[in-house]
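Number of protein chains: 2
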Amino acid sequence: MDINYAQRVEALREVMRSRGWDAVLISGSDPHSSEYPAPRWKQVEWLSGFTGEAGDIVVTLDHAGLWTDTRYFIQAVQQLAGSGIALHKTRIPEQVLIPEWLSSVAFQGRNYVNIAVDGLCQSVTFIQEIKDAFDEDTEVRIVSVPDLLDCLWTDRPAIPATPIIKLSEAQAGESSEAKIEWLRSFLRSKGCDNMLLTALDEIAWLLNVRASDIDYNPLVISYLIVTPDEVRWFARESYDDVFLSLGDLQGSTYVDPSTLNYHIYNMMDAESRVCGPSPVPLRKAVKNATEIEGMRLAHFYDGIAMERFLYWLEKSVQSGQRITEWDACIEQSALRAEIDGFKGESFATISAYGPGAALPHYITPEQDAPVIEPHGLYLNDSGGQFIFGTTDITRTVPMGPCTYLEMQDYTLVLRGHINLARSIFPKGTAGCQLDAVARSPLWQAKRNFGHGTGHGIGYFLGVHEGPQDIRQNFNRQPLLPGMIVSDEPGLYREGQHGVRHESVLLCRESGSNEFGDWLEWENLTLCHIDTGAIIRNLMTEEEINWLNAYNAKVYDSLKDHLPAEVAQWLQEKTRPI
Amino acid sequence: MDINYAQRVEALREVMRSRGWDAVLISGSDPHSSEYPAPRWKQVEWLSGFTGEAGDIVVTLDHAGLWTDTRYFIQAVQQLAGSGIALHKTRIPEQVLIPEWLSSVAFQGRNYVNIAVDGLCQSVTFIQEIKDAFDEDTEVRIVSVPDLLDCLWTDRPAIPATPIIKLSEAQAGESSEAKIEWLRSFLRSKGCDNMLLTALDEIAWLLNVRASDIDYNPLVISYLIVTPDEVRWFARESYDDVFLSLGDLQGSTYVDPSTLNYHIYNMMDAESRVCGPSPVPLRKAVKNATEIEGMRLAHFYDGIAMERFLYWLEKSVQSGQRITEWDACIEQSALRAEIDGFKGESFATISAYGPGAALPHYITPEQDAPVIEPHGLYLNDSGGQFIFGTTDITRTVPMGPCTYLEMQDYTLVLRGHINLARSIFPKGTAGCQLDAVARSPLWQAKRNFGHGTGHGIGYFLGVHEGPQDIRQNFNRQPLLPGMIVSDEPGLYREGQHGVRHESVLLCRESGSNEFGDWLEWENLTLCHIDTGAIIRNLMTEEEINWLNAYNAKVYDSLKDHLPAEVAQWLQEKTRPI
Chain A
2 MDINYAQRVE ALREVMRSRG WDAVLISGSD PHSSEYPAPR WKQVEWLSGF
52 TGEAGDIVVT LDHAGLWTDT RYFIQAVQQL AGSGIALHKT RIPEQVLIPE
102 WLSSVAFQGR NYVNIAVDGL CQSVTFIQEI KDAFDEDTEV RIVSVPDLLD
152 CLWTDRPAIP ATPIIKLSEA QAGESSEAKI EWLRSFLRSK GCDNMLLTAL
202 DEIAWLLNVR ASDIDYNPLV ISYLIVTPDE VRWFARESYD DVFLSLGDLQ
252 GSTYVDPSTL NYHIYNMMDA ESRVCGPSPV PLRKAVKNAT EIEGMRLAHF
302 YDGIAMERFL YWLEKSVQSG QRITEWDACI EQSALRAEID GFKGESFATI
352 SAYGPGAALP HYITPEQDAP VIEPHGLYLN DSGGQFIFGT TDITRTVPMG
402 PCTYLEMQDY TLVLRGHINL ARSIFPKGTA GCQLDAVARS PLWQAKRNFG
452 HGTGHGIGYF LGVHEGPQDI RQNFNRQPLL PGMIVSDEPG LYREGQHGVR
502 HESVLLCRES GSNEFGDWLE WENLTLCHID TGAIIRNLMT EEEINWLNAY
552 NAKVYDSLKD HLPAEVAQWL QEKTRPI
Chain B
2 MDINYAQRVE ALREVMRSRG WDAVLISGSD PHSSEYPAPR WKQVEWLSGF
52 TGEAGDIVVT LDHAGLWTDT RYFIQAVQQL AGSGIALHKT RIPEQVLIPE
102 WLSSVAFQGR NYVNIAVDGL CQSVTFIQEI KDAFDEDTEV RIVSVPDLLD
152 CLWTDRPAIP ATPIIKLSEA QAGESSEAKI EWLRSFLRSK GCDNMLLTAL
202 DEIAWLLNVR ASDIDYNPLV ISYLIVTPDE VRWFARESYD DVFLSLGDLQ
252 GSTYVDPSTL NYHIYNMMDA ESRVCGPSPV PLRKAVKNAT EIEGMRLAHF
302 YDGIAMERFL YWLEKSVQSG QRITEWDACI EQSALRAEID GFKGESFATI
352 SAYGPGAALP HYITPEQDAP VIEPHGLYLN DSGGQFIFGT TDITRTVPMG
402 PCTYLEMQDY TLVLRGHINL ARSIFPKGTA GCQLDAVARS PLWQAKRNFG
452 HGTGHGIGYF LGVHEGPQDI RQNFNRQPLL PGMIVSDEPG LYREGQHGVR
502 HESVLLCRES GSNEFGDWLE WENLTLCHID TGAIIRNLMT EEEINWLNAY
552 NAKVYDSLKD HLPAEVAQWL QEKTRPI
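So the sequence lines, in the order shown, correspond to chains A and B. For my numbering, count along the first sequence from 1 and bump the result up by 1. For my numbering, count along the second sequence from 1 and bump the result up by 1.
Bound conformation, chain A alone:
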């Protein structure tokens, strides 16, 4: 039975009328500013049916709108049909964002506006932007109602409570006690007594705990307060006790407003609240020796599963079997699941053939998935969570004959991938100052891709993490030895094909000389790059040498750990060009 979203919006308006609210704001986030929220916090989906990863809703008494970006326009139009909710497009030149829309369209000229929000799921900064959008002639009252939709959403999922995994000091490379002591010394340097942590990956790292509360993210939904002599962890039945505990605190409390939610921010005593960036993300991003060793191991086992998968795929498709994109997902998951320590995938696998691969955020359909044909390009972007690390890999492989354009795109993207992977750069370089080396082979052919080249990767944590990245932004964070990033340039031609080559790189020292201190990358990913779709004369000798050496390393590392027929096939696949 189809859900009547228009009815849900109308029911919300009933509540609004009874409470005197002019507008309600529903966000797609959770109380922890998580990139991916648990089902309990999929309030946007419950109200509108929209399942995109980025979207916010505003309901007024005579309008309902969803704000989302270019990636989700087509999906939003389909999913909002019949809901009465209008699509407001963002990341386009003529965009009117929510704060501006509220002040200049919905409530222009009003001298009083009552806006209700689920303050738990709104960031401090976003609410401030709304207030700032109105001029002083309008009094803006923000009503923060935790779990605002609860009165309507009667079958709302509970807060997840999956089994908690405690990593030993040997597994994490550093005890939680040592990490807490480091945090306390940071707080002392800031003249602060306590810290409230709400970002789930920061808490997981500090306490050396993991769970599966959120799909693909091995996190425990919880809050953490560190005082000079206590560590108060609010998880499971004590989750809500954080609100009481905040009242108990002696002295000043440090919080990071970029992840803290509006509700808690306002509960805190402004006098004792000290705002600043959390020091945890940077320290977490610089992996210790145990984490590095674990990541190497994870990529070794992941490589075995990948090679077995690619062997199976090529043989099956070329022998005329009917394999869909979804069948490939199933086979690949099964192979990864055989690995000891496997804890699930690190994100939803993108298994895409032909035109599907042209959508960088393609979702492989379970039903009626496209069949993989014995020609053209197949793209697979997937990864695993292991107790000893996290992986993320994309391989694009020719399933048979390819067009010249497919091969050209394949080769140019590969050149960018190689350029970054083999780059040496001075200490102090930020990712945005290095990004062009991956893009320039594409730029020279007037081609480009609309996503970042690289993101940080956690250690049995989120597959996306900061503070570093490699993209066309102005992020000043230097790349540091011990940081791990993806290297994933791509190219997408709507309705035709997509190419992406992704490996995971570890930043490491590369010596010093009269010109400075140098950094380079260790390529953690162990899975061959198919040479069948390469146009050799588009590549430089240096790039070809790098590719041949990489493929040889993959074969040498994996050959003794693969079934004989796969090893033999891989030997063929990794023959130098």
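These are calculated hints, taken from the structure and not from any lab test. Keep in mind that a hint or two might mislead.
Note: identical chains are not told apart, hence a pair may lie in one copy or across any two.
[To be verified] Below, simulated DSBU-like cross-link-like pairs (lysine-lysine); rule was C-alpha separation at most 30 Å, straight line:
#1 Lys554 with Lys447
#2 Lys90 with Lys428
#3 Lys43 with Lys554
#4 Lys191 with Lys90
#5 Lys167 with Lys344
#6 Lys447 with Lys90
#7 Lys180 with Lys90
#8 Lys344 with Lys90
#9 Lys447 with Lys316
#10 Lys180 with Lys428
#11 Lys554 with Lys344
With the hints as your guide, set chain B onto chain A.
What follows is chain B alone, placed relative to chain A:
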């Protein structure tokens, strides 16, 4: 007769004692925040003997110090000898900058400090930094004394007043009236009535006027006030009238605090003063069609002079003549001066052989200049001011046999130069996002250079101009069609040799496609790149093709305009490799 700088410092202390000043600050700038001040404002040099381009002095009753950066340490030690002025090093990790030095070293614990400055030569922001450095227990009084040293510097040079050149609309491509109207519409959009302009290149551009008030910079030392119905220009005898005129203004006045001096800032009524970035630098940086045509012409004539110079140099040195670095300067100046419309050099020529070229800011000595020998590398960085444009070029040429290291450095720098010159990039790209393409061939060999890759260049204006640049910073200014920048990677080995290859590039449209709008460079510079020091197998085919095509273009463009023997020589020099 040697000047006794210690005596000058002591005389200043006499003044300080009589006025009750605890400290005097002397800066190296002028009232217009000029990069290069006229002799009248070389107050640092007058007081200390130090001639470096960056330096500030603080004198207290018991200390005198000069603050300057790494580039000038050796020079400062030599020039300060006997003056009693201590060197305070900046741009080193343990630096203590002036504000911190005043608050934590000189006047720590004091409850009252009287600091005298020549407010005309201090920026608003720097004075604010000094005030901020002290905690609230210290009352800091800033005494702004225009021309503070005048009582001691009795033979101080006058304000320069060179002949004023008025560019016609045909010469400038846009009338001053149209520019003023554009500025007024900017002011209306900001809700402002007037604007005070103090930066000399902004005034020169707005009024289409030039002069030679500052070495190498064709500027008129002046102030400008634009009101809704008047253009008040304060130059020559009316220069000081600006102070009176400020009192006259009706309504609000827009100023740019990044160039405005502290004295004028404080004279203005705070109520009617509106601070913000000037819109002139960006519009000035985007050259109009006339300016572009003029720049092409300037580089054509400059190329003829350069080729005649390089021919003369090679023939003279290889025939055994004794040619010093200074002789080369003289010959080159004479050849440029033959060009109709030549108005002087655009900066002090760097004519450097061998180890001299290893100093990026080498000053060729007039006396006892090193002799250019028939082996190794000679570097020449020079440029001209012409009534129709400004040039800036560096060529490094082998004077005979070179070492392998010289050739390797020569080739790697050239690769970086070519990579930038041939780069295509999407509209919206900032220089800092492109810089890596010029550095990466050097980085791959663990070599680097400590200066920017490129700077903006004016149209018969300063050889350095913003707001764009190409360097490892986080300058968000996108590169725009019509902007002109230098492309000048280098490599410097102390005591051995230096390499720099510099041409001037015009940013232009390169079409649009499904991946976006594209930009590329037109190479304005017309002077061959010597192939004699190239190690061919270090370069890619694409780079070699670019080089051969560039050299062929230079020959084709210039051959009919050179003396026969130079044309014949150039044909040899530009033979494809």
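Unmet hints by their number, sorted upward, for this structure: Hint check: 3, 7, 8, 9 fail, others pass.
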